[in-house]
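First to last, the protein sequences are chains C and Y.
Counting from 1, position 507 in the first sequence corresponds to residue 509 in my numbering; the numbering is continuous, with no gaps.
Counting from 1, position 224 in the second sequence corresponds to residue 242 in my numbering; the numbering is continuous, with no gaps.
FYI, nobody ran anything at the bench for these hints, they're computed from the structure.
Careful, some of the hints might be misleading.
Think about it this way: if two alpha-carbon atoms lie no more than 25 Å apart in a straight line, the pair counts; the simulated DSS-like pairs of lysine-lysine are [to be verified]: (1) K33(Y) with K139(C); (2) K223(Y) with K139(C); (3) K568(C) with K531(C); (4) K235(Y) with K265(Y); (5) K139(C) with K88(Y); (6) K195(C) with K185(C); (7) K268(C) with K345(C); (8) K52(C) with K223(Y); (9) K235(Y) with K88(Y); (10) K117(C) with K496(C); (11) K105(Y) with K88(Y); (12) K165(C) with K228(C); (13) K268(C) with K317(C); (14) K348(C) with K316(C); (15) K33(Y) with K117(C); (16) K235(Y) with K165(C); (17) K409(C) with K268(C); (18) K14(C) with K576(C); (19) K165(C) with K265(Y).
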Amino acid sequence: MSLAKIQEPPDKGLILLVGAPGAGKSTFCHQMVVKSIALDRPVIFVASEKSPAEVLELLSGMGMERPVGINFVDAFTETVGLTATERSDTIYANCVDLNSLSIAITRQQERAGKKGALLIFDSLTSPYLFSGLEVIKFMRLFLSRFVSEGNSVFALIDEGCGKEEDLVAMMSVADGILRVEVKNGARTMNVVKHPAVSPMRIEIPTKSEQVETPLSVDYRDSGMTKRWAHAMMMGREAGLRGEVGDFVNMFWANLAHWSGMLWDPKRFPTTTYVLNKEDPRSAMRERRGLFPWYWRLGMKLFIPKNFSTVKEMKKASKRGALYIRTAYWEHSGIVEYLDDASKIDKHYFRVYESSDCWGMENVGAAVASHLPPLFAGFCKGFEKEEREWNAIETKCIGLGDPYCEFKLVPGEIDELRGCLEKDVSVIENIHERLLERLMGFLLHGKPLVDRPKLGSDIQLHAVWHAMGVHPPAGERYQMALRMGGARTGKEIGKWLLEAGLSNDEIIKRILDFLEHCNVGKVTLGETIKIKENCESSWTRLFTTGCEEPSCYFTTGFLNGLFSSVKDQHVREIKCIAAEDPYCEWEFV
Amino acid sequence: MIDDYIPTGISGADKILGEKGIPRGHSILVAGGPGSGKTTFAIQFLYKGATEYNEPGIYISLDEDPEEVKKNMSKFGWDLRKLEQDKKLTFINVSPVRVASSEKTGLIQLGMKEFKLIKLLESIREGIDEVQAKRVVIDPITIFTLQYPEEVERIYAMRDLIADFRKTGCTNLLISELRGTGLEREHQFEEYLAQGVILLRTVMKDDRLTRMFQVEKMRGLEVDNQPRPYNITNSGIEVYPTLMVFK
Chain C
3 MSLAKIQEPP DKGLILLVGA PGAGKSTFCH QMVVKSIALD RPVIFVASEK SPAEVLELLS
63 GMGMERPVGI NFVDAFTETV GLTATERSDT IYANCVDLNS LSIAITRQQE RAGKKGALLI
123 FDSLTSPYLF SGLEVIKFMR LFLSRFVSEG NSVFALIDEG CGKEEDLVAM MSVADGILRV
183 EVKNGARTMN VVKHPAVSPM RIEIPTKSEQ VETPLSVDYR DSGMTKRWAH AMMMGREAGL
243 RGEVGDFVNM FWANLAHWSG MLWDPKRFPT TTYVLNKEDP RSAMRERRGL FPWYWRLGMK
303 LFIPKNFSTV KEMKKASKRG ALYIRTAYWE HSGIVEYLDD ASKIDKHYFR VYESSDCWGM
363 ENVGAAVASH LPPLFAGFCK GFEKEEREWN AIETKCIGLG DPYCEFKLVP GEIDELRGCL
423 EKDVSVIENI HERLLERLMG FLLHGKPLVD RPKLGSDIQL HAVWHAMGVH PPAGERYQMA
483 LRMGGARTGK EIGKWLLEAG LSNDEIIKRI LDFLEHCNVG KVTLGETIKI KENCESSWTR
543 LFTTGCEEPS CYFTTGFLNG LFSSVKDQHV REIKCIAAED PYCEWEFV
Chain Y
19 MIDDYIPTGI SGADKILGEK GIPRGHSILV AGGPGSGKTT FAIQFLYKGA TEYNEPGIYI
79 SLDEDPEEVK KNMSKFGWDL RKLEQDKKLT FINVSPVRVA SSEKTGLIQL GMKEFKLIKL
139 LESIREGIDE VQAKRVVIDP ITIFTLQYPE EVERIYAMRD LIADFRKTGC TNLLISELRG
199 TGLEREHQFE EYLAQGVILL RTVMKDDRLT RMFQVEKMRG LEVDNQPRPY NITNSGIEVY
259 PTLMVFK
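Looking at chain C on its own, in the form it has when it is part of the complex:
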């Protein structure tokens, strides 16, 4: 049992989180807010300790730049005597007056317009300090009622800020009680009672999981590298997925990538870059032993110890080394070394039909996300002195060029970060373009991708690199994929409803679309099952032995879709990534 499980927004009930000031209660509930929004559950946030603007800033630090689906009751501004400013997502209340709180929450509930809302109360301490035991009446008569209408409440209360017997009285109203205990700097979450979890104690890690550049990639399934290498050598199209084959429509991977970008336009692209570079580097170093012997021999014989000169790079490129042959086989792009333009330690490559960029004509930015860092990672991994190679796109279909080109150099590139991080307007534009393309497919059967030579599909490995290397990327990144998926699913559901399609027809068409993309083998019954789901088929490499389902984008997408079309939510209960035979989602 992990902390993550109790951070899941409760389906129903009133949960009280008790702890001393500074024990990390607010951080805990912010993580719950992020998860709830990722599940497309409306959140009503009663802020009594700080203003909604401050809460939003903290949430943006967790990867939610512009959250949708969160409405505030500002019980801070007026209570402390500041002047309220008009905000469309905020209704004001005063902690002194419990009536104003109940009215504001009711109005936000009406606004959200559906059941299953999560009410976060951060915290009940201020109303308690003003109204004393009347707060218990408020909990019983108002919060419990709110819960009985199909919602849930997660309320925080400071320990030691009032009489112990009052705290006990409050706890007697709650359906669940969590208590954070701090002793000698170590924090423990004591699950006293909980509707979904049996009582236990969980150690809370002292350091946040979110590392700026996650590099500790933990490869768990060693056999996968071998199977992948073997499939490539044999030119096989089904080395990893026996039934549906290893190739997936690149549209699906790009949809995931740009949906995730929507949520975290700053960190998402840089994390993708870092991890896409790290993966081939470690493959050439620590994981070298996992490749078949003939690969290792080939590497030894044909790959130079140093990539500085044009001559060596040309030789290696001719043999299809680095990633040139793999990129062709995986249909990521047709890569050509530009020896005329290259100089010592400054190499140029041209990519035709890049799977990252095809269909992104003139979006106003360089959009390749996986080939340039893969090349840089390979160089770093191959070279004896392991110099810090980097690559940046100099031409791109996204910038209006007919093909893409990138520059590969050892050392830092100053403009790299700026090139990776995109303007929100560019991302919105790309996202909309992808959705329009999807609508064209769903309504009129137009092709999703029309690459002349490489066709529409890319290999699983490339799908994973294009989607983002999410299992080792950390929670924030996974959340971005999940929330992006939810928004995409929701929007497409809404557009199809507006186009006049019936609910069932929409679901049918989307499931057909998933099959068309070869995402996996999809069946819809009492649950949704996807056999050989592409998202988790590759991530098993990292997640073998994990308990957590890991189809972040697929889950988000299905959730958004079903919530907009059928007013249902889904939860992943089985996942290939967690060694189940298939991925499965139940309706909640």
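Using the hints provided, position chain Y relative to the given structure of chain C.
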């Protein structure tokens, strides 16, 4: 058996009134303290009646200048002048205290003595004829009752007024000042005479004002008698029929 009700059009209030409204033709006393939104309540009742239920109305002012009322109510987005032009609403000023300017003495008061029940009834009939009114508001009825110093006389006058309303078939709100703020208050004799009593109460706690809406009595209707919180929002009065009032 009453089977004809008119919705007040006030958000949340009709839910408290058994999802029906006020029995047609009844006289309802709406009592509230200063600033509790009595006039807003009354005008909202007339405005919604005229715009949403095709029931023209009359507003009889015994105190405030109707022009002031119209001006004050425009903040809720209610265009009362337009309703007047369309003959859906009429304002009648029968204030016994007329204020006129005089060059010499500044302000003088006129007309105190001749104001009696007959005059009020005449005005009501004229108004009803003018717009074919179905809803009438007298704001405030307190001024009318004050014309009768003797209590017996006062009760008779009030009873006659209500009886006369009955004949017209108009549903009417009699606006009254509530004596005593907070939860303790005196009962007023009008409360016994009227067929329904709606209280708009305000309670101060620390520096915060809590507003409570309560249907104390509504003859011919099963109602929710609990006090419920209400707010004066920028679209008028909003009552929260499912919420409890906290101290």
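Consistency of the hints with the structure:
no.	hint	result
1	K33(Y) with K139(C)	holds (23 Å)
2	K223(Y) with K139(C)	holds (17 Å)
3	K568(C) with K531(C)	holds (18 Å)
4	K235(Y) with K265(Y)	holds (23 Å)
5	K139(C) with K88(Y)	violated (41 Å)
6	K195(C) with K185(C)	holds (21 Å)
7	K268(C) with K345(C)	violated (32 Å)
8	K52(C) with K223(Y)	holds (23 Å)
9	K235(Y) with K88(Y)	violated (30 Å)
10	K117(C) with K496(C)	holds (19 Å)
11	K105(Y) with K88(Y)	holds (15 Å)
12	K165(C) with K228(C)	violated (63 Å)
13	K268(C) with K317(C)	violated (37 Å)
14	K348(C) with K316(C)	holds (12 Å)
15	K33(Y) with K117(C)	holds (21 Å)
16	K235(Y) with K165(C)	violated (41 Å)
17	K409(C) with K268(C)	holds (22 Å)
18	K14(C) with K576(C)	holds (22 Å)
19	K165(C) with K265(Y)	holds (20 Å)
In summary, the structure is inconsistent with hints 5, 7, 9, 12, 13 and 16 from the numbered list given earlier, while agreeing with the others.
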